[in-house]
Amino acid sequence: MSNWERFLDTFFNARVMARYLPDILYGTLITIELAALVIVSGLVAGLALALLRSVGFRPVNLLIVFTVDLFRALPPLVIIVFIYFGLPTAGLSPSSFVSTWLSLTLVLMAFSEEIFWAGITSIPKGQWEAARSTGLSYGQALINVVLPQAIRLTIPPLTNRTIAITKGTALGSVVAVSEILGMASSAVSNSYNPSPLTLGAAAYVILFFPMVVLGRWLETRMRWKR
Amino acid sequence: MLQTFFNLDIVKAAWPILLAGLGNTVLLSIVVVPLGLFGGLILSLLAGVRNPWVRWPLMAWVDFFRAFPPLVLLIFLYAGSPFIGLELSGFTCVCIAFFLNTGAYYGEILRAGIESVPTGQIDAARSTGLGRFQTSLYVVLPQAVRNVLPDLLSNTLEVIKLTSLGSVVAMPELLFQARQAQSVTYNPTPIVLAALVYFVMLWPLVRLLSRLENRAVARA
Numbered sequence: 001m002s003n004w005e006r007f008l009d010t011f012f013n014a015r016v017m018a019r020y021l022p023d024i025l026y027g028t029l030i031t032i033e034l035a036a037l038v039i040v041s042g043l044v045a046g047l048a049l050a051l052l053r054s055v056g057f058r059p060v061n062l063l064i065v066f067t068v069d070l071f072r073a074l075p076p077l078v079i080i081v082f083i084y085f086g087l088p089t090a091g092l093s094p095s096s097f098v099s100t101w102l103s104l105t106l107v108l109m110a111f112s113e114e115i116f117w118a119g120i121t122s123i124p125k126g127q128w129e130a131a132r133s134t135g136l137s138y139g140q141a142l143i144n145v146v147l148p149q150a151i152r153l154t155i156p157p158l159t160n161r162t163i164a165i166t167k168g169t170a171l172g173s174v175v176a177v178s179e180i181l182g183m184a185s186s187a188v189s190n191s192y193n194p195s196p197l198t199l200g201a202a203a204y205v206i207l208f209f210p211m212v213v214l215g216r217w218l219e220t221r222m223r224w225k226r
Numbered sequence: 001m002l003q004t005f006f007n008l009d010i011v012k013a014a015w016p017i018l019l020a021g022l023g024n025t026v027l028l029s030i031v032v033v034p035l036g037l038f039g040g041l042i043l044s045l046l047a048g049v050r051n052p053w054v055r056w057p058l059m060a061w062v063d064f065f066r067a068f069p070p071l072v073l074l075i076f077l078y079a080g081s082p083f084i085g086l087e088l089s090g091f092t093c094v095c096i097a098f099f100l101n102t103g104a105y106y107g108e109i110l111r112a113g114i115e116s117v118p119t120g121q122i123d124a125a126r127s128t129g130l131g132r133f134q135t136s137l138y139v140v141l142p143q144a145v146r147n148v149l150p151d152l153l154s155n156t157l158e159v160i161k162l163t164s165l166g167s168v169v170a171m172p173e174l175l176f177q178a179r180q181a182q183s184v185t186y187n188p189t190p191i192v193l194a195a196l197v198y199f200v201m202l203w204p205l206v207r208l209l210s211r212l213e214n215r216a217v218a219r220a
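Each protein sequence line maps, in turn, to chains D and R. Under our numbering, the first residue of the first sequence is numbered 1, with each subsequent residue one higher. Under our numbering, the first residue of the second sequence is numbered 1, with each subsequent residue one higher.
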């Protein structure tokens, strides 16, 4: 066997790939499920915190800022390990899936709150005043006038940040979530061949490459206006 | 509750172990941050080349490594390399993975910075007799870095947090040491302590970033 053939047989072994393809597909499904849940709950929580902050009640705002700082400063893997290995000692035993989901949700919440808040504060005061003077209530002004403009501004940075955090679903493999990386790793140890990892890598590229390209496109389309 | 999550006896026992881990996290950061910056610098300078045969593969390279979860890259190197007769250490794998992954992110940021420098600056520099390389080094890069400093710092924060992935390939950094201590004591205190150390270490940077970002928005 030539070196090239040996390389192909090692990393692109068709027999091993065919054998473990269903596992990787199953893992892909779990990754998609986890990612979708994280995106929805993280963004909703982040927006909710930003709206709460816009009310301007000082003690609440300090608490929000601290929470955001906390989850920006802690590595996601540390949060996952704490929730999965730490909480059971206090009688709570979240599953590995729930631990990963909760951790990434908290991280995305923190980052998206920052971005939403930056968007809200970037809307000139005149917009608020004009909306209120036409008789809209605070809530109506926020929802109908300020938020639509703010969210448009936040879309490019939010997309990029969301992709970066969603890729963290791979961290779930550390606490044995059966997502792509977890499935691929156990397939490698069962088959003594790294081809399942190649498959897993391909699955990640197929999932995330279009998202990265979308993020790049949005960035050029909707630049922050100076 | 406090007995469980912040047991003082365990804090005392685990502290030296975590301190060694912290030292390794700092050392690892000192190695991988410049490595990523170096990779990013190469990519951003190449991005100035107009030739489509350079431009498109370069963009695909950057987007590929931005799409690829860093942990997957790390595991691929660590678990895959022995199969082709290369026994790469955890440290080597972390270095390669960070060079590829964080290099792509730094590259995007620096490219945006370089594009933000007006072409008049380059023309003026060239007309005074500076060479291409000198123009890049003395005129374009300093302004580019200044313009994207918040993004560079924000990415550096992410890179430092990412060093916690080293624990997966048995590098004795902060998280790894904390997990070792936790599995010996059957108590989550070491993990809480490690989280506290990360927070104390990185909070100033997060505060600084928050201020820089708010100022950028106020100026926009």
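The set of hints was computed from the structure by calculation and includes no laboratory data. Since the model is a prediction, treat every value here as computed from it, not as a measurement. Accuracy of the hints is not assured; some may be wrong.
Reference listing, derived: stretches of chain D covered by chain R, where coverage requires no fewer than 3 residues with Cβ under 8 Å from a Cβ of chain R [what the hints assert, rightly or not]:
hint: 1; stretch: 14-21
hint: 2; stretch: 75-88
hint: 3; stretch: 94-108
hint: 4; stretch: 188-197
Glycine residues also receive a C-beta, built at the ideal position from the N, C-alpha and C atoms.
Against the structure, the hints:
no.: 1; hint: 14-21; result: violated (count 0)
no.: 2; hint: 75-88; result: holds (count 10)
no.: 3; hint: 94-108; result: violated (count 0)
no.: 4; hint: 188-197; result: holds (count 4)
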